[in-house]
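Enquirer: Take a look at the letters that make up each chain.
Number of protein chains: 2
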Amino acid sequence: MTDPIRPTDNQAHALARRLMTQARFAALGTVDTKGQPLVTRVAFGLCPEGQPISLISSLSQHSQVLRSNPACSLLVGEPGDKGDPLTHPRLSLVGAAKFVDNQTRAHQVLAAHYLQSHPKAKLYIGFTDFFFVRFTPDAGYLNAGFGKAFHLKAADLVATANPDQPG
Amino acid sequence: MTDPIRPTDNQAHALARRLMTQARFAALGTVDTKGQPLVTRVAFGLCPEGQPISLISSLSQHSQVLRSNPACSLLVGEPGDKGDPLTHPRLSLVGAAKFVDNQTRAHQVLAAHYLQSHPKAKLYIGFTDFFFVRFTPDAGYLNAGFGKAFHLKAADLVATANPDQPG
Numbered sequence: 022m023t024d025p026i027r028p029t030d031n032q033a034h035a036l037a038r039r040l041m042t043q044a045r046f047a048a049l050g051t052v053d054t055k056g057q058p059l060v061t062r063v064a065f066g067l068c069p070e071g072q073p074i075s076l077i078s079s080l081s082q083h084s085q086v087l088r089s090n091p092a093c094s095l096l097v098g099e100p101g102d103k104g105d106p107l108t109h110p111r112l113s114l115v116g117a118a119k120f121v122d123n124q125t126r127a128h129q130v131l132a133a134h135y136l137q138s139h140p141k142a143k144l145y146i147g148f149t150d151f152f153f154v155r156f157t158p159d160a161g162y163l164n165a166g167f168g169k170a171f172h173l174k175a176a177d178l179v180a181t182a183n184p185d186q187p188g
Numbered sequence: 022m023t024d025p026i027r028p029t030d031n032q033a034h035a036l037a038r039r040l041m042t043q044a045r046f047a048a049l050g051t052v053d054t055k056g057q058p059l060v061t062r063v064a065f066g067l068c069p070e071g072q073p074i075s076l077i078s079s080l081s082q083h084s085q086v087l088r089s090n091p092a093c094s095l096l097v098g099e100p101g102d103k104g105d106p107l108t109h110p111r112l113s114l115v116g117a118a119k120f121v122d123n124q125t126r127a128h129q130v131l132a133a134h135y136l137q138s139h140p141k142a143k144l145y146i147g148f149t150d151f152f153f154v155r156f157t158p159d160a161g162y163l164n165a166g167f168g169k170a171f172h173l174k175a176a177d178l179v180a181t182a183n184p185d186q187p188g
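These protein sequences, in sequence, are chains A and B.
All the letters of the first sequence, read from the start, carry residue numbers 22 to 188 under our numbering.
All the letters of the second sequence, read from the start, carry residue numbers 22 to 188 under our numbering.
Quick caveat, the hints were computed from the structure, so don't treat them as lab data.
Just so it is clear, the structure is predicted and the values come from calculations on it, not from any experiment.
Incorrect hints may appear among the rest.
Okay, derived cross-link-like pairs now, SDA-like style, lysine to any residue, Cα gap no bigger than 20 Å in a straight line [claimed, not checked]:
1. Lys-55/A <-> His-172/B
2. Lys-141/A <-> Leu-144/B
3. Lys-55/A <-> Pro-91/B
4. Lys-55/B <-> Asp-105/A
5. Lys-103/A <-> Lys-55/B
6. Lys-169/B <-> Thr-149/A
7. Lys-169/A <-> Lys-103/B
8. Lys-141/A <-> His-109/B
9. Lys-141/A <-> Lys-169/B
10. Lys-143/B <-> Thr-108/A
11. Lys-55/B <-> Asp-159/A
12. Lys-103/A <-> Pro-91/B
13. Lys-141/B <-> Asp-159/A
14. Lys-103/B <-> Gly-101/A
15. Lys-169/A <-> Asp-150/B
16. Lys-169/B <-> Ser-78/A
17. Lys-119/B <-> Gly-56/A
18. Lys-55/B <-> Lys-141/A
19. Lys-103/B <-> Thr-42/A
20. Lys-141/B <-> Asp-105/A
21. Lys-103/A <-> Leu-144/B
22. Lys-169/A <-> Tyr-145/B
23. Lys-55/B <-> Gly-101/A
Model the full assembly from the supplied sequences, consistent with the hints where possible.
Expert: The structure is reproduced here in structure tokens:
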């Protein structure tokens with residue numbers, strides 16, 4: 022069996038960053054204490070340093086699972102309506118989540134930044150049950166369409182660079 | 022804290038079935054042997070008995086993870102382009118996956134059924150590395166928008182009924 026993974030090039034880096042920069046939501050994968058995975062939809066944004074963040078409610082199931090086990094995965098990159106959905110590029114991030122206390126200065130900084138890309142979140146960002154979570158990806162798996170798979174390292178997954186510039 | 026889960030009614034059942042019937046792809050959550058979750062995009066369809074199925078390549082990462090640990094989750098229900106993505110309904114299924122050998126009559130039956138809803142899969146359904154996987158949901162978590170969460174049982178998650186009919 023030949024290795025289906027291609028060597029990661031500048032184009033793959035740029036595509037991964039573009040998927041992260043453009044995403045407004047993601048599929049979050051968590052694992053409960055019994056080992057059962059759960060995939061839910063969460064908001065997706067980037068902190069000023071280019072790491073993935075989400076704004077989640079402490080009432081949500083994924084929030085409760087993440088509190089007991091921070092290991093998680095995020096899928097970004099939406100197929101849209103046309104063509105085979107599996108030909109559209111997407112990025113799977115794997116790593117861990119860390120909660121940001123919503124009574125802190127760190128929360129305020131994230132909130133001001135996040136509202137620029139998620140203006141509708143203004144409706145609930147001030148609710149006491151809403152928290153930011155910051156994700157630290159250890160690795161990324163980019164699928165740019167059938168037969169176009171790339172592995173990315175943590176350092177490749179900080180999306181502060183202009184996503185339209187390669188490398 | 023009040024319970025954020027509403028009593029499951031016929032409308033919730035019908036919405037869950039509609040999301041399953043209309044989905045052409047899903048976010049699949051798996052867990053590797055180290056306990057790290059991974060979310061990837063997979064095709065999504067229903068078998069003639071109304072259970073979720075997917076057509077996946079044995080070269081894919083999720084396929085290799087699922088072979089070692091069948092516990093998984095599927096998220097269906099896409100937000101589209103307008104409004105806050107978190108106001109759009111989605112369904113998280115949790116359960117386990119079982120591979121269907123692609124040299125069997127069971128594969129042929131699934132293939133004929135699947136191609137009706139996924140005609141573009143004709144291009145690769147005959148490849149030797151492609152297999153069907155059948156999912157058995159133990160439970161479902163329906164989120165019909167902020168503050169509208171419902172829990173569903175395995176029996177509620179068989180989507181053979183007309184999705185436009187309640188109950």
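Enquirer: For every hint, state whether the structure bears it out.
Expert: Going through the hints against the structure:
{"no.": "1", "hint": "Lys-55/A <-> His-172/B", "verdict": "holds, 18 Å"}
{"no.": "2", "hint": "Lys-141/A <-> Leu-144/B", "verdict": "violated, 41 Å"}
{"no.": "3", "hint": "Lys-55/A <-> Pro-91/B", "verdict": "holds, 14 Å"}
{"no.": "4", "hint": "Lys-55/B <-> Asp-105/A", "verdict": "violated, 32 Å"}
{"no.": "5", "hint": "Lys-103/A <-> Lys-55/B", "verdict": "violated, 37 Å"}
{"no.": "6", "hint": "Lys-169/B <-> Thr-149/A", "verdict": "holds, 18 Å"}
{"no.": "7", "hint": "Lys-169/A <-> Lys-103/B", "verdict": "violated, 30 Å"}
{"no.": "8", "hint": "Lys-141/A <-> His-109/B", "verdict": "holds, 14 Å"}
{"no.": "9", "hint": "Lys-141/A <-> Lys-169/B", "verdict": "holds, 18 Å"}
{"no.": "10", "hint": "Lys-143/B <-> Thr-108/A", "verdict": "holds, 14 Å"}
{"no.": "11", "hint": "Lys-55/B <-> Asp-159/A", "verdict": "holds, 14 Å"}
{"no.": "12", "hint": "Lys-103/A <-> Pro-91/B", "verdict": "violated, 31 Å"}
{"no.": "13", "hint": "Lys-141/B <-> Asp-159/A", "verdict": "violated, 34 Å"}
{"no.": "14", "hint": "Lys-103/B <-> Gly-101/A", "verdict": "holds, 12 Å"}
{"no.": "15", "hint": "Lys-169/A <-> Asp-150/B", "verdict": "holds, 16 Å"}
{"no.": "16", "hint": "Lys-169/B <-> Ser-78/A", "verdict": "holds, 13 Å"}
{"no.": "17", "hint": "Lys-119/B <-> Gly-56/A", "verdict": "holds, 17 Å"}
{"no.": "18", "hint": "Lys-55/B <-> Lys-141/A", "verdict": "violated, 38 Å"}
{"no.": "19", "hint": "Lys-103/B <-> Thr-42/A", "verdict": "holds, 18 Å"}
{"no.": "20", "hint": "Lys-141/B <-> Asp-105/A", "verdict": "holds, 7 Å"}
{"no.": "21", "hint": "Lys-103/A <-> Leu-144/B", "verdict": "holds, 16 Å"}
{"no.": "22", "hint": "Lys-169/A <-> Tyr-145/B", "verdict": "holds, 15 Å"}
{"no.": "23", "hint": "Lys-55/B <-> Gly-101/A", "verdict": "violated, 33 Å"}
Going down the numbered hints, you'll see the structure goes against 2, 4, 5, 7, 12, 13, 18 and 23, while the others check out.
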